[in-house]
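Each chain is listed here by its residues.
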Amino acid sequence: MSEYITLNALPLGKRARVRQLTCHGSARRRMLDLGLILDTVVEALLSSPGGDPVAYYIRGAVIALRSEEAAHILVQAC
Amino acid sequence: MGLTAQSTGIGAMDNTLKIDRLSGDIVAALAGNPNVGKSTVFNGLTGLKQHTGSWPGKTVANAQGRCRGRNKAVVLVDLPGTYSLMAGSAEEEAARDFICFGGPDCTVVVADATCLMRNLNLVLQTLEITGRVVVCVNLMDEARRKGVNVDTDALAARLGVPVVGCAARSGHGLSALMDAVRTVAQSESAPVPAVIGYGPDVEKALALLEPAVTERLKGRLPGRWTALKLLDGDTSLMESIRSYLGFDLPSDAVVAEALAQAQSALADAGIGGDTLRDIVVSSLTRRAESVCAGAVRTENSGYTRADRRIDKVLTSRVFGLPVMLALLALMFWLTLAGANYPSQLLSSGLFWVEDQLTALFSLLGAPEWLHGLLVLGMYRTLAWVVSVMLPPMAIFFPLFTLLEDLGYLPRVAFNLDKSFKRACACGKQALTMCMGLGCNAAGVVGCRIIESPRERLIAIITNNFMPCNGRFPTLIAIITMFFAAASGVLYSVISALALVGVILLGIFMTLLVSKLLSKTLLKGLPSSFTLELPPYRRPQILRVIGRSLVDRTLFVLGAPPAAPPPAGLVIWLLANADVNGVSLLAHAAGFLDPFARFLGLDGFILMAFILGFPANEIVIPIVILSYMATGSLTDMSSLADLRALLVSHGWTWLTAVCVMLFSLMHWPCGTTCWTIRKETGSWKWTAVSFLVPTVCGMLACFVVANLARLLGLA
Chain A
1 MSEYITLNAL
11 PLGKRARVRQ
21 LTCHGSARRR
31 MLDLGLILDT
41 VVEALLSSPG
51 GDPVAYYIRG
61 AVIALRSEEA
71 AHILVQAC
Chain B
79 MGLTAQSTGI
89 GAMDNTLKID
99 RLSGDIVAAL
109 AGNPNVGKST
119 VFNGLTGLKQ
129 HTGSWPGKTV
139 ANAQGRCRGR
149 NKAVVLVDLP
159 GTYSLMAGSA
169 EEEAARDFIC
179 FGGPDCTVVV
189 ADATCLMRNL
199 NLVLQTLEIT
209 GRVVVCVNLM
219 DEARRKGVNV
229 DTDALAARLG
239 VPVVGCAARS
249 GHGLSALMDA
259 VRTVAQSESA
269 PVPAVIGYGP
279 DVEKALALLE
289 PAVTERLKGR
299 LPGRWTALKL
309 LDGDTSLMES
319 IRSYLGFDLP
329 SDAVVAEALA
339 QAQSALADAG
349 IGGDTLRDIV
359 VSSLTRRAES
369 VCAGAVRTEN
379 SGYTRADRRI
389 DKVLTSRVFG
399 LPVMLALLAL
409 MFWLTLAGAN
419 YPSQLLSSGL
429 FWVEDQLTAL
439 FSLLGAPEWL
449 HGLLVLGMYR
459 TLAWVVSVML
469 PPMAIFFPLF
479 TLLEDLGYLP
489 RVAFNLDKSF
499 KRACACGKQA
509 LTMCMGLGCN
519 AAGVVGCRII
529 ESPRERLIAI
539 ITNNFMPCNG
549 RFPTLIAIIT
559 MFFAAASGVL
569 YSVISALALV
579 GVILLGIFMT
589 LLVSKLLSKT
599 LLKGLPSSFT
609 LELPPYRRPQ
619 ILRVIGRSLV
629 DRTLFVLGAP
639 PAAPPPAGLV
649 IWLLANADVN
659 GVSLLAHAAG
669 FLDPFARFLG
679 LDGFILMAFI
689 LGFPANEIVI
699 PIVILSYMAT
709 GSLTDMSSLA
719 DLRALLVSHG
729 WTWLTAVCVM
739 LFSLMHWPCG
749 TTCWTIRKET
759 GSWKWTAVSF
769 LVPTVCGMLA
779 CFVVANLARL
789 LGLA
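Heads up: the protein sequence lines correspond to chains A and B, in order. When the count follows my numbering, it moves up by one through the first sequence with no breaks and lands on 78 for the last residue. When the count follows my numbering, it moves up by one through the second sequence with no breaks and lands on 792 for the last residue.
Think of the hints as simulated: they come from the structure by calculation, not from any bench. Misleading hints may appear alongside valid ones.
Said to hold, decoys possible - Simulated restraints on C-beta separations:
| hint | chain 1 | residue 1 | chain 2 | residue 2 | range |
| --- | --- | --- | --- | --- | --- |
| 1 | A | ARG17 | B | GLY324 | 41 to 51 Å |
| 2 | A | ASP39 | B | TYR322 | 35 to 45 Å |
| 3 | A | GLY50 | B | ASP330 | 22 to 32 Å |
| 4 | B | ARG675 | A | SER67 | 47 to 57 Å |
| 5 | A | SER67 | B | LEU582 | 25 to 35 Å |
| 6 | B | ARG364 | A | LYS14 | 16 to 26 Å |
| 7 | B | GLY102 | A | TYR4 | 54 to 64 Å |
| 8 | A | ARG17 | B | LEU582 | 34 to 44 Å |
| 9 | B | GLY602 | A | GLY50 | 19 to 29 Å |
In this text, all values refer to a predicted model and were calculated from it rather than measured experimentally. Note that CB positions come from ideal geometry on N, CA and C, so glycine has one too.
Okay, chain A solo, but in the shape it has when bound:
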């Protein structure tokens, strides 16, 4: 079993499973609404020209997240 990493540390093209959200309140709700619930598989797809935000493939949609948001999502590479 690999270590938990934050989503923003996931290299482009790699997939990982959501293990934990470390944000609270409305930020957490927004992440959940995006489909980032436990065990969801997420793939880091694209990085913008500046390197941040990064677009992730989440449950059939491409969603861009800034590194601050992605840092609150703990994932495990799969």
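Fit chain B to the known structure of chain A by using the hints.
Here is chain B on its own, set in the frame of chain A:
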């Protein structure tokens, strides 16, 4: 962009729950995630021309439309696009309140067939509130092309409500949808959808609370759903119950006691605020997964390999920004190169008509002042606006709509977000800036897509740094006259590049001012940013052309040019009403002249900008009118003659640069100011939005003019 019925106030829009319904009408609410073609469904059903855009949050206020069928009329209410009804935002609250308290006979939830599972979240949440639901699975054609097969019968069986497959853009499935809406609305009893289970611990707490809540609500809202929201501490729903149903649910003695019991049951199970929410959302997502299992078969993912490849290029470190600028330049070049000839044709045609009008007036023996007023004042101004503005807009807007339709604009926001984050603002501001290119008032309305109020204000205040279609003609005319002396292809290339330069300056100013505002008036750190990058869609060329011609170009002939003739009249009066032998206009311009010279302009130019407050497109016509009133009457049918007139009044390249700078950066037009007041609800922010670009423009003009003079360049 988006000169819509909404932004122009033609449409029936309303923030309240009041619906224009006749007795016997069926009221159907239209809900759906952003980007699922909800507005296309709405337009398809009602025939109302509501412009649809391809980014989240286009439909920000309720729009209504009626569609008549064989029997009862159906009033459709377009709800804001949302991912959820858990009231995380004003849009979600508005959508939820209408479904709960607006009394719709049926709620249509529009879902995107290409990523149905994600969209089912909203469907399931709606089903918890009401069984009178029809699910419209839109974009079936798109899904089929992407290898996604949706079995609507299986979905209907699992959800317990009708499911209709649609391809709203081609109108396919819309009549079946209307039939389903009528059936559901007129059926005696509402369909009973399958209940979503939340696991033993939450169910136990719900069982304690639900009976008391159901008893108190007396069927006006479903007990189970309301009880769940009560447990979740959803204050926004309780507030709405207070205002729409007239009582305070949590303070009801029986409910309060049951709530305390249920809460302690949850606490015993170790379920706190965040955990409960996690369980609720996860249960919904899992349920969506199980509903889709087998009913939605995907040969490859909704985001195809082709999309992936395109995005790799369009957002890459090397190509991302250059491609963006190249596209902008290409659009301008096509616009300029294409507009040249029709512009000349229109201009000579309209000025031929002017000659005929003049001949007619003298034939009828009309007095000179009447001819001046109507023909030289009103008609000439209108003719100028039409011949100079219409052709570029008729080319630019379809091109722009094409990019929008393709799904490129969210990529722009994605590419530029880092710059906006540095300026402590939101990347979605890039989208509102794109809208500002069409019309700043529309751009200001579009700022509603930005969630953080601080960042929204920044976007509103800086929107004016994007030249709108009213200012393009001024910029284009000046570039053409003073900076693109070459002819043919070279001329249009130089002009296009110069325009890109102006836009870049506008972007730079937007970022700079956003940063300054974030450090001063609107202190704060950048908030969160989530942006969906929708799959690329094949644009429908004919529809794009039709829509942009109707929605945008004709709008140019509608509202703003309604302003030039009266404005032309006023200006003619000002220019010809004498006081001590000098016209009022000359008096005013003379007064402004010393200050204007300081900025590299002259009194007439500054006066023109002031008189251009109702509509920016009349600035150059005013300058021409006032110059002509004070001297040589020239035939203004060509830009070369125009240049000669301007030069004879002391214009140099420096004047031209300063006019362009000032055109890019001065007060927003009247409509935009009014819209800012409406959007911010504050005179203070309206004043700030007025002053910020004005001060920037004056500073820029002052520095450029005096530096050039100091260096002896002009």
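Exercise for the section: Given the hint of 41 to 51 Å, check if ARG17 (chain A) and GLY324 (chain B) actually sit that far apart at their C-beta atoms. Expected result: 48 Å, holds
Practice task
Take the C-beta atom of GLY102 (chain B) and the C-beta atom of TYR4 (chain A), compute their distance, and say whether it sits inside 54 to 64 Å.
Solution key: 60 Å, holds
Handout entry: Assessment of proposed distance window 19 to 29 Å (beta carbons of GLY602 (chain B), GLY50 (chain A))
Key = Because 21 Å falls inside the window, the suggested range holds.
Problem - Consistency of beta-carbon spacing, TYR322 (chain B) to ASP39 (chain A), with hint 35 to 45 Å - result: 38 Å, holds
Practice task
Starting from the hint 34 to 44 Å, judge whether the C-beta atoms of ARG17 (chain A) and LEU582 (chain B) obey it.
Solution key: At roughly 43 Å between Cβ atoms, LEU582 (chain B) and ARG17 (chain A) fall inside 34 to 44 Å, so the hint holds.
Problem - ARG675 (chain B) versus SER67 (chain A) beta-carbon gap, inside 47 to 57 Å or not - result: Roughly 50 Å apart at Cβ, these two residues keep to the hinted range, so it holds.
Practice task
Indicate whether the distance between the beta carbons of SER67 (chain A) and LEU582 (chain B) respects the range 25 to 35 Å.
Solution key: 27 Å, holds
Handout entry: Supplied distance hint 16 to 26 Å, evaluated on CB atoms of ARG364 (chain B) and LYS14 (chain A)
Key = 25 Å, holds
Exercise for the section: Look at the Cβ atoms of GLY50 (chain A) and ASP330 (chain B) and judge whether their distance stays inside 22 to 32 Å. Expected result: 53 Å, violated
Hint 3 from the list above is the single one not met by this structure.
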